[in-house]
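A.B. asks: Starting from the structure of chain B, add chain G where the hints point.
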Amino acid sequence: MIIVDLLLALTIVLVAARCLYTSNLAESVVMFIVFGLLLSLVWVRLYAPDTALAEVAIGAGLAGALLLATLSQLHLTHAAKATAMARISLIIPVLLGGALGVSLLSLVQPAPGLSDLVMNNITQSGVEHPVTAVLLNYRAWDTALELAILMWAWAAQRALGPNLAWHGVRLQGLVLVYFSRLMVPLLALVAGYVLWQGAYAPGGAFQAGALLATAFILAFIVQQAQLGQANPAVIRRFIHHWAVKLLWLGGLLAFFVVGLAGLLLGYGFMGYAPAYAGALILAIEIAATFSIALILAALFTGEGRRYE
Amino acid sequence: MNEIAIYLITGSVLFCLGLWGVVMREHLLHKILGVNIMGSAAFMLFLAFAARAEPADAVPHALVLTGIVVAISAMALALALMKRVAKESEQHQATLEDSQ
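The listed protein sequences correspond, in order, to chains B and G. Letter by letter, the first sequence follows residues 240 to 547 of the numbering used here. Letter by letter, the second sequence follows residues 844 to 943 of the numbering used here.
So that you can see chain B by itself, here it is in the shape it has in the complex (with noise of 0.2 Å):
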């Protein structure tokens, strides 16, 4: 296996070197959704199923789709060429990287972290998977203001004002369709699936909500290019109507109150009863999954503007 481990490597810093290096923008995107894949492989050898999942849908699906909207919406696609001394420097990197990561070899005997603490008190935390007992009991707060954060940047690329144009190519024919039709139900239910999941295995709030954001995105392009037949003024009544705005507030509201339920029972801020902690944490996951997924397919249709 250490051979698959140096291949991996390689492949890596080549892409990476490739997609800063290249001065065809679209190439450079392109070779960033294959580190984002080449990423998750890296995860998966790491023993980190959980984040090789949030990886490869958030870090190269959702991004690529990002990066490649924001493509479409440049006037010109094509950076200046790197320069002959910026070419020679490219060596720096690579021998000063390598001479860091020499220096870390040290380090490299087994250590056992945090781990015996997180699984001696895992019977107490509601859930079973030590991944998710760390995201939504024991640092419930960084996961909390992490939802913050999605929140403020879409608020924040909203004040940004106006997107360009929509440039998607208006797509014809049936194939966009039918794939859809087939893929927004299967992606609904592999969500639920993974959500559920996430109490005993990999999987969990993140990673649902990525999948329902993709899926969210789909009938987004299908919407766009014209091919649905759901009719818009519906759609923009579904968008705005009151319950679908408090599923976009949703998981930080439900942090807030359950974290605030905690101190006034006296398990201090985002402290949970043991007995109801598995019930809490599930109603938590379940309102952020929405939230997640909403802001998510907000970033990349363009900051929630009116459906047009």
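Among the hints, a few may not be true.
[Claimed, not checked] Okay, the calculated beta carbon distance ranges per label pair: (1) G:E931 - B:M240: 19 to 29 Å; (2) G:K930 - B:S328: 27 to 37 Å; (3) B:M240 - G:A917: 31 to 41 Å; (4) B:V473 - G:N845: 50 to 60 Å; (5) B:I474 - G:N845: 22 to 32 Å; (6) B:Y417 - G:K930: 27 to 37 Å; (7) B:L315 - G:A917: 41 to 51 Å; (8) B:P351 - G:K930: 51 to 61 Å; (9) B:R475 - G:E931: 27 to 37 Å; (10) B:T250 - G:P898: 22 to 32 Å; (11) B:L280 - G:P898: 12 to 22 Å.
Keep in mind that the hints were calculated from the coordinates and are not lab data. Every residue gets a Cβ at the ideal spot worked out from N, C-alpha and C, and that includes glycine.
C.D. replies: Structure of chain G alone, referenced to chain B:
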């Protein structure tokens, strides 16, 4: 040499490569991708250190999971800023010189 050592070196090299992209390339898209590669390299170091424990330490996994979502929100904002720079500039080239 085990896989942890390999990925520690790869992570360091990727971090420096990303920094090279941020410093040496002119186009803002290259700079954004460079920052993202630097972030991914930091995640790689985190997870490589987490893999030293048996089973792998869950706390860095959760932190990286949070980090991936924060990275995509930062990237979405950066891309919106870049589009604004490209729109305002005359040559429609999204470089730092254009934003002045």
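A.B. asks: Each hint: holds or not?
C.D. replies: Evaluation of the provided hints:
One distance hint, 19 to 29 Å for the beta-carbon pair G:E931 and B:M240, is violated here, with the actual separation near 51 Å. Take G:K930 and B:S328: their Cβ atoms lie about 31 Å apart, and the range 27 to 37 Å holds. The hint said 31 to 41 Å for the Cβ distance between B:M240 and G:A917, and at roughly 34 Å that hint holds. At roughly 57 Å, the beta-carbon separation of B:V473 and G:N845 lies within the given 50 to 60 Å, and the hint holds.
In this structure the supplied range 22 to 32 Å is violated for B:I474 paired with G:N845, their Cβ-Cβ distance being about 53 Å. The hinted range of 27 to 37 Å is satisfied by B:Y417 and G:K930, whose Cβ atoms lie roughly 36 Å apart. Remark: the range hint 41 to 51 Å for B:L315 to G:A917 is contradicted by a beta-carbon distance near 24 Å. Roughly 52 Å separates the CB atoms of B:P351 and G:K930, a value that falls within the hinted 51 to 61 Å.
Our hint of 27 to 37 Å for B:R475 and G:E931 holds, since their Cβ atoms are close to 30 Å apart. Judged by the Cβ atoms, the range 22 to 32 Å given for B:T250 and G:P898 holds: they are separated by roughly 27 Å. Taking the beta carbon of each, B:L280 and G:P898 are about 20 Å apart, inside 12 to 22 Å as hinted.
Of the numbered hints listed earlier, those contradicted by the structure are 1, 5 and 7.
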